[in-house]
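Combine both chains into one complex, guided by the hints.
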Amino acid sequence: MEIKIRTYAALKDHFSDSFSMNLPQNSTIGEMKKKLALDKPQSSDLLEKCRFAINQEFAACDARISSGDIIDILPPSSGG
Amino acid sequence: MFHITEKKINIEQLINQARHPESGALVVFSGEARSHHDGKSVTSLEYEAQTEMAEKSIINILDQAKKRWPLNFAAAVHRVGRVEISEPAVVVIVSAAHRKEAFEACQFIIDAIKAETPIWKKEFFVDGNTKWQ
Chain A
1 MEIKIRTYAA LKDHFSDSFS MNLPQNSTIG EMKKKLALDK PQSSDLLEKC
51 RFAINQEFAA CDARISSGDI IDILPPSSGG
Chain B
1001 MFHITEKKIN IEQLINQARH PESGALVVFS GEARSHHDGK SVTSLEYEAQ
1051 TEMAEKSIIN ILDQAKKRWP LNFAAAVHRV GRVEISEPAV VVIVSAAHRK
1101 EAFEACQFII DAIKAETPIW KKEFFVDGNT KWQ
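Chains as they are written, first to last, in the working numbering: chain A, 1 to 80; chain B, 1001 to 1133.
This is chain B alone, in the form it adopts within the complex (with noise of 0.2 Å):
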């Protein structure tokens, strides 16, 4: 599996995937583009990896969360290129036998994706400026 990515996340199909028999929880975080930073309009994004690291670091952050948390299932997909507001620019999707792991591991791993994945954004502004984040 991918966790770098040009396309556009299809999270339905990452939650058929998640799903197990033995999972009462399923959790799912969408990091999605936003309109605005810092009271400016912003009309795009777009993401920029090291791409080759940037999937070693999230295996690592995902095998971590499956050491810490008893979780069926765990995956994590982060776009780069352009990314239009309001599509998912991440996407962390948890499942285990109940809520408080699920809720937990998830919050895990997109703290430490934004923390330590090498992975940048550029905002877009409305005026014309850009901005690398």
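This is chain A alone, in the form it adopts within the complex (with noise of 0.2 Å):
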């Protein structure tokens, strides 16, 4: 299934900022988060003290993800 994912902040040193990723049905954003450390893995520190949010809402490592769906991935907050 294909979800797009959009990135902020330091991780747009790791990833482009909105991209597209295949990932086998029924997966987590456990595994998803796995993946990406994968294939970039200087950003695995960083992507650990993530937050992550399906459709705009928060959700956990176990969250299962449906195709089409928009994930965000949420460094730190560092506003103020």
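Do not take every clue at face value.
As the list claims (entries may be wrong) - Within a straight-line C-alpha distance of at most 20 Å, the following computed PhoX-like cross-link-like pairs (lysine-lysine) qualify:
id : chain 1 : residue 1 : chain 2 : residue 2
1  : B       : Lys1114   : B       : Lys1056
2  : A       : Lys12     : B       : Lys1122
3  : A       : Lys49     : B       : Lys1040
Said to hold, decoys possible - Which stretches of chain B does chain A cover? Using the computed rule of at least three CB atoms under 8 Å from a CB of chain A, they are:
id : region
4  : 1042 to 1050
5  : 1076 to 1090
6  : 1113 to 1120
As the list claims (entries may be wrong) - Far from chain B, by Cβ distances over 12 Å, these chain A residues were calculated:
id : residue
7  : Leu11
8  : Lys34
9  : Leu38
10 : Glu48
11 : Ser78
If you're looking for bench data, these hints aren't it; they were derived computationally from the structure.
Positions of the beta carbon are idealized from the N, C-alpha and C atoms, including for glycine.
This is the structure in structure tokens:
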């Protein structure tokens, strides 16, 4: 299945800000994170600190992704 | 009301909105762009947000504050895009009958925004380097 991933802030040093990814059906956020860390090993420390959202709702590592979902990967907040 | 904006934050306008006949205390926090970080000179800042989620996050934080303290007014606005030195990057403003709840609520709101709201700061240094915080 194909999903869309959006990245922010320091993650954009490793990934483009918006890209598509192919994942097996029923993949979880955790599995997607693992695949991204394998693709870009230098991003793995930062990925571990990130929060994830499926269609703009925060999602835990065991949350299942559906085809066409938009996944936001949110580094630790640094506003203010 | 929008909580994320590309425009300069108008603090005076927010103060006028926050004034309330039953409020004896009005507290404003302005988080301003600072010219140095870790001993390095900063020329400007740039903020990025996941705008829809940041809006929801700030609304949620303001609701929590209103439940916890008897506030007559509470608002928070955060800039995105380029912010020059000494410009407000984030403003929190609350009014309440007494100063104790106004101070406490204002601190709670800014602390929660910094910890939770999906907004990120990029610093531009005088030597031409940049860094996402």
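Outcome of the hint check:
1. B:Lys1114 <-> B:Lys1056: Holds, at roughly 14 Å.
2. A:Lys12 <-> B:Lys1122: Given that 20 Å is the threshold and the Cα spacing comes to 12 Å, the pair holds.
3. A:Lys49 <-> B:Lys1040: violated, 26 Å
4. 1042 to 1050: Per the Cβ count (4), the hint holds.
5. 1076 to 1090: holds (count 3)
6. 1113 to 1120: holds (count 8)
7. Leu11: Answer for leucine 11 (chain A): violated, closest chain B Cβ roughly 9 Å.
8. Lys34: Label holds. Min Cβ-Cβ 22 Å, cutoff 12 Å.
9. Leu38: holds, 23 Å
10. Glu48: With a cut-off of 12 Å, glutamate 48 (chain A) remains clear of chain B, as the shortest Cβ separation is near 16 Å.
11. Ser78: violated, 4 Å
Violated hints for the displayed structure, listed by number in ascending order: 3, 7 and 11.
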